[in-house]
Amino acid sequence: MLASIPPVYVAPFDRAWRNRELIRAVVRREFISRFRGSALGPLWAVLSPLFMLLTYTALFSITVPQLSAGVSVTDYASSIFIGLIVFNLFSELAYRAPMLLHEHVNFVKKSIFPSETIAWTATIRAFTYGGVGFAVYIVFRLLTAGTIPLTIVLTPFLIAPFFLFIIGVVWFLMALGAFTRDVAHIMASIVPVLMFATPIFYRLDQIAAMSKSAAFWLRFNIVGDYIEMLRSLALDGTIPNVFGYLALVAVSYAVFLGGYQFFMRYKSVIVDVI
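So the sequence shown is numbered by UniProt numbering: it starts at 1 and just counts up by one.
Treat the hints with caution; some may be incorrect.
To be verified - Label-pair ranges, simulated between beta-carbon atoms:
{"#": "1", "residue 1": "214", "residue 2": "238", "range": "22 to 32 angstroms"}
{"#": "2", "residue 1": "102", "residue 2": "238", "range": "37 to 47 angstroms"}
{"#": "3", "residue 1": "138", "residue 2": "251", "range": "44 to 54 angstroms"}
{"#": "4", "residue 1": "273", "residue 2": "145", "range": "37 to 47 angstroms"}
It should be emphasised that the hints constitute simulated quantities derived from the structure, not laboratory data.
Virtual Cβ for every residue (Gly too), placed ideally from N, Cα, C.
Please work from the sequences and hints to get the whole structure.
What follows is the structure, encoded as structure tokens:
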């Protein structure tokens with residue numbers, strides 16, 4: 001069956017599988033180096049999202065209660081936290097991706113080094129910490145609500161296409177960032193604005209109630225779509241619209257393949273410009 005699939009659709013996976021030992025080694029090194037010299041070490045992976053959860057809960061549920069739309073503080077805190085987990089995954093890699101090749105220039109300059117694997121290692125690292133944050137959410141939800149919806153078991157079906165979307169974006173930004181460092185400055189300007197155009201502190205149905213045209217345009221924000229669907233599964237206990245989900249998967253996979261092909265097209269040139 002796999003033999004009947006055109007090579008272009010599986011090439012990124014094939015390359016990653018062939019270099020799996022390298023990817024595993026680099027990811028392990030990044031995990032170790034991130035908390036090196038820290039007294040609390042990996043415990044920060046839990047404390048950081050927990051502190052973020054408490055901070056945003058106090059800020060937006062107490063000082064701006066109208067955003068919570070009448071729900072309890074803990075429900076609104078959970079909604080915010082899910083939004084932040086997804087958006088922070090995107091923002092961390094959007095900030096970092098343009099400079100990834102510069103960070104690993106000593107490896108990239110070696111012709112035998114598969115530089116496309118840098119995107120895999122960076123994305124796996126970010127998603128691992130995102131997974132820790134999601135575990136914090138589950139514990140928080142169990143302590144405050146006493147239960148979590150059964151639909152949460154479907155979360156991997158949402159995380160998988162989101163992973164592909166993110167790594168496609170990383171490949172694209174890596175290639176552009178190799179040619180000009182301005183890309184990093186552009187992302188530093190765009191991402192904070194995008195944060196407020198993403199349904200983190202509000203829901204799309206709240207926007208739709210005020211302006212249907214605004215809600216229509218906000219639905220083109222793929223990151224926002226993933227946030228809304230993750231809330232449905234992990235908080236509301238509902239299954240997202242199937243056709244909307246399939247469309248999101250198709251777009252994410254297109255970004256994944258497009259980013260990979262864009263990077264590989266300029267891979268040989270990148271070595272000379274960084």
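Each hint tested on the structure:
1. Distance hint check: the CB atoms of residue 214 and residue 238 are about 23 angstroms apart, consistent with the given range 22 to 32 angstroms.
2. In this structure the supplied range 37 to 47 angstroms holds for residue 102 paired with residue 238, their Cβ-Cβ distance being about 44 angstroms.
3. At about 28 angstroms, the beta-carbon gap between residue 138 and residue 251 misses the expected band of 44 to 54 angstroms.
4. The hinted window of 37 to 47 angstroms between residue 273 and residue 145 is violated, with their beta carbons roughly 52 angstroms apart.
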